[in-house]
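*Asks:* Use these hints to put chain W onto chain V, whose structure you have.
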Amino acid sequence: MNWKNILSSLTMAANCLLVFFLLFYDRLVVPSLLQVIGRAHPLFLHFPIVLFALWLIWVWVIPKQRFHDSGLAEHIGEWLLLSVAFTAALTALMGILLSKEPGYNPESLSWHKWSGAILSLILLLWYVFYQRLKRVAMVSISLLSLVVLLIAGHQGAAITHGDNFLLAPVYKGRVKEKVPLDQAVVYRDMVQPMLEAKCMSCHNSSKAKGGLVMTSPELLLKGGKSGPVLDTSDANMSLLLQRVHLPEEDRKHMPPLGKPQLNDQELAILYNWIRRGANFTVKVTELDPTDTLRTIASNIFRSSEQENYDFSAASEDKVRKLNTDYRAVYPLATGSPAIAVDFFGGAFFKPDQLKELLAIKTQLVSLNLAKMPVTDDELSIIGELTNLRDLDLSFTKVTGQGLTALEKLHHLKRISLTNTAVHREDVQKLLTLKELHEIYVWNSGLSFAEADEIKKKYPFLDIQTGARTDTLFQKINPPVNQTVGQVISDTPITLRLKHFVPGTAIRYTLDGTDPDSIHSIAYDQRAVIDSQVLMKARAFRKGWRPSDVVQYQFYRATFHPDTVILITPTDSLYKGKGGTTLKDLQKGSQNFGDGKWIAYRSRMECMEKFTKPVRVRSVTVSSLVNVGSMIYPPKSIRIMGGDDPGNLRVLYQFAPPTDTMPQSNYLIPYVCKFPPTTVKFIKVMVEPIGKLPPSLLPPPPKADPKALSKKKEKPQPANDRGWFFIDELFVN
Amino acid sequence: MEKEIIEHALRINRRKFLSRLSLGIGSVALGSLLIPDLFKGGEEESIMAGLPHFAPRAKRIIYLFQNGAPSQLDLFDYKPLLQKMQGEDLPASIRNGQRLTGMTADQVKFPLAGTVFQFNQYGQSRAWLSELLPHTAGVVDDICFIKTMYTEAINHDPALTFFQTGAQQGNRPSMGSWLSYGLGSENKNLPAFCVLLSKGKGNGQGVYSKLWSNGFLDSIHQGVQFSSGENPVLYLSDPASMTRDDRRKMLDKIAELNDDSYKEFGDPEIATKIQQYEMAYRMQTIVPEITDTSKEPEDTLKLYGPECLVPGTFAANCLLARKLSESGVRFVQLYHQGWDGHNNLPGEIKGQAKDVDQASAGLITDLKQRGLLDETLVIWGGEFGRTNYCQGKLTKDSYGRDHHPRCFTVWMAGGGVRPGVYGETDDFGYNIARDPVHVHDFHATVLYLMGLDHEKLTFKHQGRRYRLTDVAGKVVNGLIA
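Protein chains in written order, with numbering that gives the first Met the number 0: chain V, 0 to 731; chain W, 0 to 480.
The following block holds chain V by itself, in its conformation from the complex:
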């Protein structure tokens, strides 16, 4: 087996095949199995390169004198060169197969293909003739093949990794910047990149599949063999969209199966762009805010508010020295040369502090003087800070006169004159600044009409006038009751009503009517309450609707019993402090579990004993209703009195009105008035509502299947009687 002959013949054959392929390149179609072999090209190409390097070293570096047996040297040399030529030829063939795959830039591919093929042929010829070559020829062919290899290799790397891959980290040249949102053009920045990536590998001027070229708007509009692709008058929304939306298996579906497909976002971009008329010049910011394209765009681009400043940073030392407790001086971000300054604490402000900032006037882009006592005099200093983009003069003492000083601030983008005394003519001076697009004039000398007029004349200027509150007519909030105590016994209680909005009038009534702003009592600090009344209060303020009414019940207890005996027992759950609960003058709250209430489900009877006889004319039973918790007004109340506990006469009895409204939850005093009489004992008898009809009862609890305890629970007594709660008895 003469391997050398076999290999050299194969090399010869491979090169012939290579030339054949090159001649009929356009007719070449590569079946899938060979495509696999073609894809091994980037793998296989390393062999000829390394072997070629070895060959060059062999020829030019390794001293042949070392080899006593020159036959060995020749042998080695020949085999080396043969293997270079062989592997190069195979690599070139694989390359041709690979080059038929789509997605390669035709121009760089062409250079690479030809230089690779030429290299393979050169190597073959070299192998054939190398023994007969003189030194000069050897040198030149070595150099030639090296140069061709470098071209081929460089182009190959460019195809795989992109242009300029090697030097990219140090090469600061024109880097394609990400387009910011406010400059993005729909076609150029959203549609075209997609076409370039997924369509133009076939639809370009050198390939033009279907006669369609997409590389420029005019050619795109021209269309291809099947007609125009962007005809939006077509009910089917243009040929392009049709093809793109066909099922993937369909022969006519674009992009063809096997090539990278369009994803959902790209389909949406195409659809929305064509549907709106396939406009090639419209900018993203000109689209309707609800347009889907706008939403997609905001996901792709980010508006860059990052200005690239062209000045260098100030020294860290300088910046640090300028920072005080009331003046913050800081760079906008790490590594940014731009500096912002904020002032705080108006009482500590001095104009010199502004002068000190001139040391960094090149870097100062943002100055916040809000609420500082800055006057027009300081504006001349500010006018020298020519790199300012953002100036806040709100709530300062500047007037319009000083604004001329700011005319040199050519970079000024934003100025706030909120709550200053500037007027229309003064603002006009600022409108010459070309970069200015935001100006705040709330609560300044400008009227809303003047601001509107400026808005019309300068539509690019965002002029913020603030909210119009002169037409708002709202309800003022009610006064807050801060009275201490609720039960008057010996001394009157001072009424304390407070309204947190200064200058609001409070009026109140004690007769149960709703207060108004004319007839009711005007509240002042000396108001006192000395009887059992329901107080209602309301707030009034000019320019506002009257507030809601707040009410507060006061109780009077003129006479205090010495003892209170509970004849019938209270319910075990609400024992309070026994009889004392009813005379301790401690009002209970709506939280009936607060310990100040006693409760009954069956008849209540209690006896109040006065050692010294008292002349009484009313007894108030203080109670509460909470239908949700089954606490109802009682069926009847009877008051009896006399000097002898065994011999009492009825003083008063009545049946309070029932209330079964589910939401009812309130305190209620039952005032029992009768003709004045002198007594030593008072007996109070109350009959609670008793057994409730089923409609008012809560549903019985279901037997819990997940109950942990296995033993049978004792049957509970029927919980079907309503409650009566009482916390005080007031005797007057």
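Worth double-checking, as some hints may not be accurate.
[Stated by the list, open to error] Taking lysine-lysine pairs in the DSSO-like style, the calculated list, with each CA pair at most 30 Å apart, reads:
{"no.": "1", "chain 1": "V", "residue 1": "K396", "chain 2": "W", "residue 2": "K294"}
{"no.": "2", "chain 1": "W", "residue 1": "K473", "chain 2": "V", "residue 2": "K282"}
{"no.": "3", "chain 1": "V", "residue 1": "K679", "chain 2": "V", "residue 2": "K576"}
{"no.": "4", "chain 1": "W", "residue 1": "K187", "chain 2": "V", "residue 2": "K320"}
{"no.": "5", "chain 1": "W", "residue 1": "K272", "chain 2": "V", "residue 2": "K320"}
{"no.": "6", "chain 1": "V", "residue 1": "K370", "chain 2": "W", "residue 2": "K322"}
{"no.": "7", "chain 1": "W", "residue 1": "K248", "chain 2": "V", "residue 2": "K320"}
{"no.": "8", "chain 1": "V", "residue 1": "K407", "chain 2": "V", "residue 2": "K454"}
{"no.": "9", "chain 1": "W", "residue 1": "K262", "chain 2": "V", "residue 2": "K320"}
{"no.": "10", "chain 1": "W", "residue 1": "K455", "chain 2": "V", "residue 2": "K317"}
{"no.": "11", "chain 1": "V", "residue 1": "K535", "chain 2": "W", "residue 2": "K200"}
{"no.": "12", "chain 1": "W", "residue 1": "K349", "chain 2": "V", "residue 2": "K541"}
{"no.": "13", "chain 1": "W", "residue 1": "K198", "chain 2": "V", "residue 2": "K586"}
{"no.": "14", "chain 1": "V", "residue 1": "K396", "chain 2": "W", "residue 2": "K322"}
{"no.": "15", "chain 1": "W", "residue 1": "K322", "chain 2": "V", "residue 2": "K474"}
{"no.": "16", "chain 1": "W", "residue 1": "K200", "chain 2": "V", "residue 2": "K497"}
{"no.": "17", "chain 1": "V", "residue 1": "K317", "chain 2": "W", "residue 2": "K187"}
{"no.": "18", "chain 1": "V", "residue 1": "K497", "chain 2": "W", "residue 2": "K353"}
{"no.": "19", "chain 1": "V", "residue 1": "K586", "chain 2": "W", "residue 2": "K200"}
{"no.": "20", "chain 1": "V", "residue 1": "K197", "chain 2": "W", "residue 2": "K473"}
{"no.": "21", "chain 1": "V", "residue 1": "K412", "chain 2": "W", "residue 2": "K322"}
{"no.": "22", "chain 1": "W", "residue 1": "K392", "chain 2": "V", "residue 2": "K690"}
{"no.": "23", "chain 1": "W", "residue 1": "K294", "chain 2": "V", "residue 2": "K474"}
{"no.": "24", "chain 1": "V", "residue 1": "K354", "chain 2": "W", "residue 2": "K187"}
{"no.": "25", "chain 1": "V", "residue 1": "K497", "chain 2": "W", "residue 2": "K349"}
{"no.": "26", "chain 1": "V", "residue 1": "K474", "chain 2": "W", "residue 2": "K353"}
{"no.": "27", "chain 1": "W", "residue 1": "K187", "chain 2": "V", "residue 2": "K360"}
{"no.": "28", "chain 1": "W", "residue 1": "K353", "chain 2": "V", "residue 2": "K541"}
{"no.": "29", "chain 1": "V", "residue 1": "K349", "chain 2": "W", "residue 2": "K294"}
{"no.": "30", "chain 1": "W", "residue 1": "K198", "chain 2": "V", "residue 2": "K535"}
The set of hints was computed from the structure by calculation and includes no laboratory data.
*Replies:* Only chain W this time, still in chain V's reference frame:
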């Protein structure tokens, strides 16, 4: 023989080589003991302290936290399908195995409950809002509604902790502390992180200081809770007989003593304490002018509602938040309790919405007209959402809703946020249809708006570099203008 000659020429052999090697390694080890940072490599924390990583959109945040979880289905997310299917059981295909809380796990049926409130669309963004938020409807074009927030936590404590600290358990630093650590306070005379609390009449859940704690960061970064009474900061003024000079001398003397202590013990808390004393001294001058609301113009009352002068209300806290924020406080957080509508939700939510609606909208308008909205990020939201099915008895005009972590609404305004509506939930209001935003993503986006890379703002603790977003979080580009 040749080998020996070569070795001699090099003056090395195997033995010598190996012994030299071990000596070399040993000396390197000794070096690392003497110079601790020898092998530290590049400093991740070499970012200049207190500066954003890149130019920020927002300088400050006001976070209106609605504690208890407001019902998004009754406020923001209009789902007419629920009204059509009123009372029908929630299909299992929709619920898809979502875990339930202990409160509804025993329910056999999950009747769908449509809202009883009227919904309408507002503004250019055509955002849906219910009749409960009329004032918010007026500022809708400044607001970005994120309909598709989601979390994993299903109960209040883990969910609150998750929202504030980035993890469901553990005492980690809260959002405000991270911002204080990363950016510091603009105004040295005020703390970087302030907390204001208020309570509505609805079913309330508690808030606690874990939510504004500094975790393992320096305690100078702790949230400062202002009091809800008439004096937000107590004991501001010096006693009658003490002058500012006296106060200054006293503080200097105390600082000297504390310094000695610090030199002896090296406890970093001592350094914090010295700084706190100094901050308190400076606050004495600055805070009174901020908390003094007596000079507020009539306009302010009309914007926020007259409640804004009643201390302890949400409206008053909003006003105070604006004043703190414009004075340079980096992060002001409000908590309004009472949104936990498990029972009688329609009744309770009316009061809750009334508490917050006018004040929130007023805050946005107020910031806007002062030119502060562009640099202040306002956030409004709770810790999770509420279910579309009724908890307890479903009647014609009353229902309750249980906790629902899978989708809820949070809105943001100002500070570089793109106004509009982000994300969509399904017709049942149960799952997210498109563009989900996880709590980590939310944190990442908020940090991005403040000029911080959420992956770079870290703190090494117990051997690992912690960050607010833990090990997740992606900035949501669609929210950024």
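*Asks:* Now look at each hint and say whether the structure bears it out.
*Replies:* Outcome of the hint check:
Taken as a hint, the K396(V) and K294(W) pair is honoured in the structure, with Cα atoms around 18 Å apart against an allowance of 30 Å. For the suggested pair K473(W) and K282(V), the alpha carbons sit about 28 Å apart, so the restraint of at most 30 Å is met. This hinted pair checks out: K679(V) and K576(V) have alpha carbons roughly 23 Å apart, not beyond 30 Å. Our distance criterion of 30 Å between C-alpha atoms is met by K187(W) and K320(V), whose separation comes to about 15 Å.
Taking the CA atoms of K272(W) and K320(V), the gap is near 25 Å; set against the 30 Å cutoff, the hint holds. Under the criterion of a C-alpha separation no larger than 30 Å, the hint pairing K370(V) with K322(W) is consistent with the structure, at around 12 Å. Our distance criterion of 30 Å between C-alpha atoms is met by K248(W) and K320(V), whose separation comes to about 25 Å. Restraint check: the Cα-Cα separation between K407(V) and K454(V) comes to about 23 Å, which is no more than 30 Å; the hinted pair holds.
With a CA separation close to 27 Å, the supplied pair K262(W) and K320(V) stays within the 30 Å bound. For the suggested pair K455(W) and K317(V), the alpha carbons sit about 28 Å apart, so the restraint of at most 30 Å is met. With a C-alpha separation of about 22 Å, the suggested pair K535(V) and K200(W) falls inside the 30 Å cut-off, and the hint holds. Restraint check for K349(W) and K541(V): the C-alpha separation of about 28 Å stays at or below 30 Å, so the hint holds.
A threshold of 30 Å between alpha carbons decides the hint, and for K198(W) with K586(V) the separation of about 25 Å falls inside it, so the pair holds. At most 30 Å may separate the alpha-carbon atoms for a hinted pair to count; K396(V) and K322(W) meet this at roughly 20 Å. Restraint check for K322(W) and K474(V): satisfied, since their Cα atoms lie roughly 24 Å apart, inside the 30 Å limit. A threshold of 30 Å between alpha carbons decides the hint, and for K200(W) with K497(V) the separation of about 21 Å falls inside it, so the pair holds.
The straight-line distance between the Cα atoms of K317(V) and K187(W) is roughly 19 Å, inside the 30 Å bound, and the hint therefore holds. A C-alpha spacing of about 22 Å is found between K497(V) and K353(W), which places the hinted pair at or below 30 Å, so the restraint holds. For the hint pairing K586(V) with K200(W), the CA-to-CA distance comes to about 23 Å; that is within 30 Å, so the pair holds. Distance hint between K197(V) and K473(W) is fulfilled; the C-alpha atoms sit about 28 Å from each other, no more than 30 Å.
Taking the CA atoms of K412(V) and K322(W), the gap is near 25 Å; set against the 30 Å cutoff, the hint holds. The suggested pairing of K392(W) with K690(V) holds, with an alpha-carbon distance near 26 Å, which does not exceed 30 Å. As the CA atoms of K294(W) and K474(V) are separated by approximately 20 Å, the hinted pair is consistent with the 30 Å bound. Under the criterion of a C-alpha separation no larger than 30 Å, the hint pairing K354(V) with K187(W) is consistent with the structure, at around 22 Å.
Taken as a hint, the K497(V) and K349(W) pair is honoured in the structure, with Cα atoms around 26 Å apart against an allowance of 30 Å. Simply put, K474(V) and K353(W) have alpha-carbon atoms about 13 Å apart, close enough for the 30 Å limit, and the pair holds. Annotation: proposed proximity of K187(W) to K360(V) holds, straight-line Cα distance about 23 Å (limit 30 Å). In summary, the hint linking K353(W) to K541(V) is supported, as the alpha carbons are separated by about 23 Å, within the 30 Å threshold.
Between the alpha carbons of K349(V) and K294(W) the distance comes to roughly 24 Å, so the proposed pair stays at or under 30 Å and holds. Among the hinted pairs, K198(W) with K535(V) is consistent with the structure: their alpha-carbon atoms are about 25 Å apart, no more than 30 Å.
Checked against the numbered hints above, the structure violates none of them.
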